[in-house]
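Number of protein chains: 2
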Amino acid sequence: MVLDLAAMRDSLNRRHSSVKDMTNRIRIGILGYGNLGRGAIRAIEATPDLTLQGIYTRRNPLTLSEETGLPFFGLDALDVTQVELDVLLLCGGSATDLPVQGPEYARRFVTVDSFDTHAKIPEYFAQVDEAARAGDRLAIISTGWDPGLFSLHRLLGEAILPKGETYTFWGRGLSQGHSDALRRIPGVKAGVQYTIPNEASLEAIRAGSRPNLGPAERHQRECFVVPDEGADLDALREAIVTLPHYFADYDTTVHFIDAETLAREHAAMPHGGVVIRSATTSDATNQVVEFRLALDSNPEFTGAVLVAYARAAHRLYQRGERGALTPFDVAPGLLSPRSPDELRRDLL
Amino acid sequence: MVLDLAAMRDSLNRRHSSVKDMTNRIRIGILGYGNLGRGAIRAIEATPDLTLQGIYTRRNPLTLSEETGLPFFGLDALDVTQVELDVLLLCGGSATDLPVQGPEYARRFVTVDSFDTHAKIPEYFAQVDEAARAGDRLAIISTGWDPGLFSLHRLLGEAILPKGETYTFWGRGLSQGHSDALRRIPGVKAGVQYTIPNEASLEAIRAGSRPNLGPAERHQRECFVVPDEGADLDALREAIVTLPHYFADYDTTVHFIDAETLAREHAAMPHGGVVIRSATTSDATNQVVEFRLALDSNPEFTGAVLVAYARAAHRLYQRGERGALTPFDVAPGLLSPRSPDELRRDLL
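Protein sequences, first through last, are from chains A and B. Going from the first sequence to this note's numbering is simple: count from 1 and add 92. Going from the second sequence to this note's numbering is simple: count from 1 and add 92.
What the hints contain is simulated information worked out from the structure, not anything from laboratory work. Treat the hints with caution; some may be incorrect.
Computed far set for chain B versus chain A, every beta-carbon distance over 12 Å [stated by the list, open to error]:
#, residue
1, L154
2, A331
3, R414
Between beta-carbon pairs, the in silico distance windows are [stated by the list, open to error]:
#, chain 1, residue 1, chain 2, residue 2, range
4, B, Q268, A, E291, 30 to 36 Å
5, B, T209, A, R411, 30 to 36 Å
6, B, A296, A, E215, 43 to 49 Å
Heads up, the beta-carbon is just placed ideally off N, CA and C, and yes, glycines get one too.
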């Protein structure tokens, strides 16, 4: 595809500033074109009632537009006052992007994000809430699946069954944090780490027991490692399995593979996990509630959750809600494109 | 326990009409003292923020109060204008009780019920909505687990993952409708029927396939039957497994047992099931979302769900919401006794 880039820029800018969607679809912007942004684009394409208005990126928008046929813009396009967006999805990372972008954009847009640094959620919520209220906007933070759908199930389990224990297991899935730690070990050229729930513990809980679980009883860790050339594999394995915090406390398995195998078999980003509540409503009456995700693609699923919450954010904003919200504050019906009548008739 | 019944009646009536709960607990009334009502009582006892104000029954309230130490009243006590209830739980059945009681009591109380005749939900919703609006009250209908929590998961799966299929499996659990049908067969003295999900179908869906399932591929049926004395067991078995609608279309197993075994091993009311969404977010990228209940006591769990929705109903009423709602309309955070700050800090 060969395009006149100057003409394309003009065309995109015209579209961006003036086109209204005549079908009243909800106009979505995406900030950040990483894995999550790509997942959100696919999710928007699967909906009847949302339309992708623009993807905002630090990279070269003209090149990306040419390569993909999608409407890319620079970040400065979000500074134009007449930007026609109903909801802006913040698809950056929680470590450095969202702490800045969350409050910044919540002041000017209805936003949805997947902020996932659990310990900093109260602080982040307060900052986004203040910004959104100052700008008369609404923001839904920490959507996705954990935090997000898993949080909903921790809440549901406890609210309905007060006398019990809640367990969260992650995996089988690719852990970014543990893969990063693995790759920082000297002698590791490349590699990935999968987190695996301890099936024996899970089965015991499903059967009604409520064990106190240490780290090794919750998760196992499986590493696929491309070693540096000439590395002492026994020493490297030992360095990996004894890495404090990340691997030392777990049953950790290390597989040495070559770069081609890594590229061929470990490029996908599967994930998932289980939230399970085991509780009692009277003597010896056990009640077990389990929510389980098995995801071939973590970013595509997370993107799909963000997109459903974008629909809810737009509706809540139109009803006059303002400030920061979380999935705890969003009635489930608002996530669906269908009308309340239809939902009651077909799904209740 | 020997009580002066006249004094007790006076005492209860005084309590009923005048006592305010000084801790600001939400005051709950329960209409109907069957299995569900009993489950709701246990659930209220397990909460920090709700208090049982009265149980309203067609049976003799004085006898029940004496037997249990709980505050029973006749139905006429609900006609007294100064009844101090924040929420009335309607714990009757969907066939005959709720179609009358739902609209009747929604006119005068904030109500929560578990209306579960799926096909009649739109009609019931409209009637309760009209009554609640006429009386300036709020009602949450069709809580429990199906409809209720299972409905929420049918909605979540479809809203987040539009390209896929949703399957609901029930069991292993005691089915009242099928047990009733079983007991109406001539030659059956007593018996129960358990609905069992077809594990092979469930495993196929978990693995990412999306089959079209006939009844037999969804559920199996297991009957425990006490036959009439002298019954022809082969003929009776044949009459059971060929009963149209209830058993003929399924793999149905019949076990003949004696009355003592029935009483000893089949008095509990376990139930549960699975809602599973199998979907695709891009080519060959499967995403599977599963919600599963394994309940030792169906009525105790259902009662616990009603009680959590009673908390939400009270809060929504205090915020000015009116009319009929369903679980689709209730933000999850409203179900928890904890504050939004705490929920964000501890569960998000």
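Hint check results:
1. In this structure B/L154 is separated from chain A by more than 12 Å, as the shortest Cβ-Cβ distance comes to about 25 Å.
2. The claim that B/A331 is not at the interface with chain A holds, since no C-beta of that chain comes within 12 Å of its own (minimum 35 Å).
3. Consistency note on B/R414: stated as away from chain A, and its beta-carbon is indeed over 12 Å from all of that chain's, at 15 Å minimum.
4. For B/Q268 and A/E291, the hinted distance range of 30 to 36 Å is satisfied, since their beta carbons lie about 35 Å from each other.
5. Our hint of 30 to 36 Å for B/T209 and A/R411 holds, since their Cβ atoms are close to 31 Å apart.
6. In this structure the hint that B/A296 and A/E215 lie 43 to 49 Å apart at CB holds, the actual value being about 45 Å.
Checked against the numbered hints above, the structure violates none of them.
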